[in-house]
Each structure stands twice: as structure tokens, then as C-alpha cells.
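Chain by chain, the residues:
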Amino acid sequence: MMSVGRLLYVLPLAAFLILAVYFWIGLGKDPHQIPSVLIDQSVPPFDLPPIKGHERGFNSEDLLGQVSLVNIFGSWCVACRVEHPFLMRIKQEGLVPIYGIDWREKDRDAGPAWLARHGDPYTLVGDDPESKAAIAFGVTGAPETFIVDEAGVIRYKQTGPITPDIWEETLWPIVQDLRAD
Amino acid sequence: MAHRPRPARRLRAVVFALLVAMLVSPAGAVDPDEILADPVLEERAREIGKELRCLVCQNQSIDDSDAELARDLRVVVRERLTAGDDDQEVIDYVVSRYGDFVLLKPPFKLSTYALWLGPGVVAVIAVIAVIAFYRRRSKSTDRETAPPLNDDEEKKLAALLKDDGR
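Heads up: the sequence lines are chains A and B, in that order. So the first sequence is numbered by numbering that gives the first Met the number 0: it starts at 0 and just counts up by one. So the second sequence is numbered by numbering that gives the first Met the number 0: it starts at 0 and just counts up by one.
None of these hints come from the bench; they were simulated from the model. One should not assume that every hint holds.
[As the list claims (entries may be wrong)] Simulated restraints on C-beta separations: (1) B:GLU50 to A:PRO34: 39 to 45 Å; (2) B:VAL121 to A:ASP29: 50 to 56 Å; (3) A:ASP29 to B:PRO106: 19 to 25 Å; (4) B:PRO118 to A:LEU6: 36 to 42 Å; (5) A:ALA179 to B:ILE127: 56 to 62 Å.
These figures come from a predicted structure and were not determined experimentally. The beta carbon of each residue, even a glycine, is placed where N, CA and C say it ideally should be.
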């Protein structure tokens, strides 16, 4: 058996190695990826007005009875522009309805203009200039996308743009599973 | 007599000024248009804001942060206070949306025991290690103590001491 004295000599090295492993893992983590506490909870009650030029906004009730995506975007958000063509594809292929929360537009024309230029992938869009719905959804940045089931329960949160890979590997299988239930 | 001596009055004025000065707090990032008309509510909102993390610039409180989301959170805090929520209800609401991460001071519960108790445990281990180290050292010096002097050596020592005392 190793004597206690020997063990004391090895202890700092062991502690260093353990710390090194933790730090190494920490380097690969994005501190902005915060696990959502809303998973498996009902969509928070909200009722958003329409964006300029649209007939109606949407509220939490609109999400009932279907699996849907709720996408937080803004015309000011560069990463939203990145995922936008893919959202258009989801719409064109009729995969799943997407509801848009137009978040923190300073100019009431900016959101509609952005959708007119790049295409509108959304079934309904709500205007959220003061983060009322965004805070209720625990949003920390745009884009974020929630998968909501037929009963209006949040099942998944995607932080950051939806890429084809993320869609194929994660989001689409979840949508299909929820539909199969 | 109604007339008070001047020094007492001046002292009262100074004490009053100091008390008022103690009520003043730094403004943080709060915009004038966010401030509530009711100073008591506003003070509660400030205290709550200091405990809530800005989710954009993560090492600042929402009271300190200029981020737009922090501003909107401050407004939500004030709306809830105005609606009659107590401080804990407001904090609970924000935590229910963002999780414990939004609290700058994490709560003491099962998932955070390591965080809160870790430093204490490390300190205890360190103290034990230091005690063990000194115990071992004093033991080893005992062992190295020279054996008692024999008769020859005693005589030599006595002679030397006598010499020295001349």
C-alpha cells in the first residue's frame, strides 16, 4: 500500500490533471447555450399584435392542435438571415408550420420589409418590440426555435440558427416522434 | 424659550444631510423613463435587478447592463412589482423563464451543494494536510535527537563549561 506521505506528493499533480480535464471540456462549451427550464412545460400565455401590413398576430392558443415551430427572429439579427433560406425550404416542402416572433424591431417597417425581401416562411407573425413574449419564452438571443407539440407543450429549444444538419439530425426526428405519439 | 442654540441646529442639519446622502444609490443603467414614480417600488426594483443576471453580457446584473434585453427585463420586473407581486414572486417568475442561471447568487440546493460546499471541503482538507505535515516533521526531528552523553562526554562538557566560566 502506498504510504500517506507518498500520496501527498501525488495529490497536487492529480488535482491539476482533474482541473485540466474540466477546463479542457469547458473550452469547448458555449456559455450562451443555457439549458431551457421550459422544456415539457406549456407555452407561456401571450398574445402578440400583428406586424405592420399583416392581418393578425398570434397567441398561445394558435399553437394548439398541431406540432409547430416557434421561431424568434429580427431584421437586425445576422444569424437569422443565415437560417432564413432553410426556413423557406421547410415552408415550401410543407414539413411543419412555423410561427414567427419578430423580436425587438425599433422600426415598425423593418420586420415586414425584411420578410418582403427574403420571403415569409411563417404561418403567423407576432410583433414583440418589448420582449414580452421573448422573456416569457426565456429567450436570450436570436435566433431561437422552439418545438411545440399538439397540446401546446414546449418539447425542444434550438439556440442559434437551424442548419440542414441540425434539422436532419435533431429537429426533424423530434417533430416526427411527436406526430407519431 | 423658543430660540435654540445655533450649534445644535447646525448639527441636526449635518446629520440630516448625511442620512439623506445614505439614501442615494448609484443609478446603474436604468433609463430615466423606466424609473417608477413610487420611490419605494423603484428601490425594490433596483435591489431585484442587482440579483438578476443579464443574459447577454453574462457577468453583469440587469441593473448594470445597457443591453436591450436587460432593459426589457427591468421593465418586466417593474411591471410585476406595480401589479402587486412581492420581491420573491418577481424573482421566481424570472427564474421560471430562465432557470437558476439568471440568479447572480445561486441558490443552495442539491445541484449546487458542490459549488457552495466545495471551497470549505478543500479548506478542511488543506488544514488536515498541514497538520499532518507538521506532525510528521516533529516526529522525525524526535528521532534525530542525539543519544544521551556518556561519562567521558559529560566530563569533557563540564571541563569546557568550567574553562568558559574563567
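Any hints this thing doesn't respect? Which numbers, in order?
-> Going through the list in order, the structure violates hints 1, 2 and 4 and respects the others.
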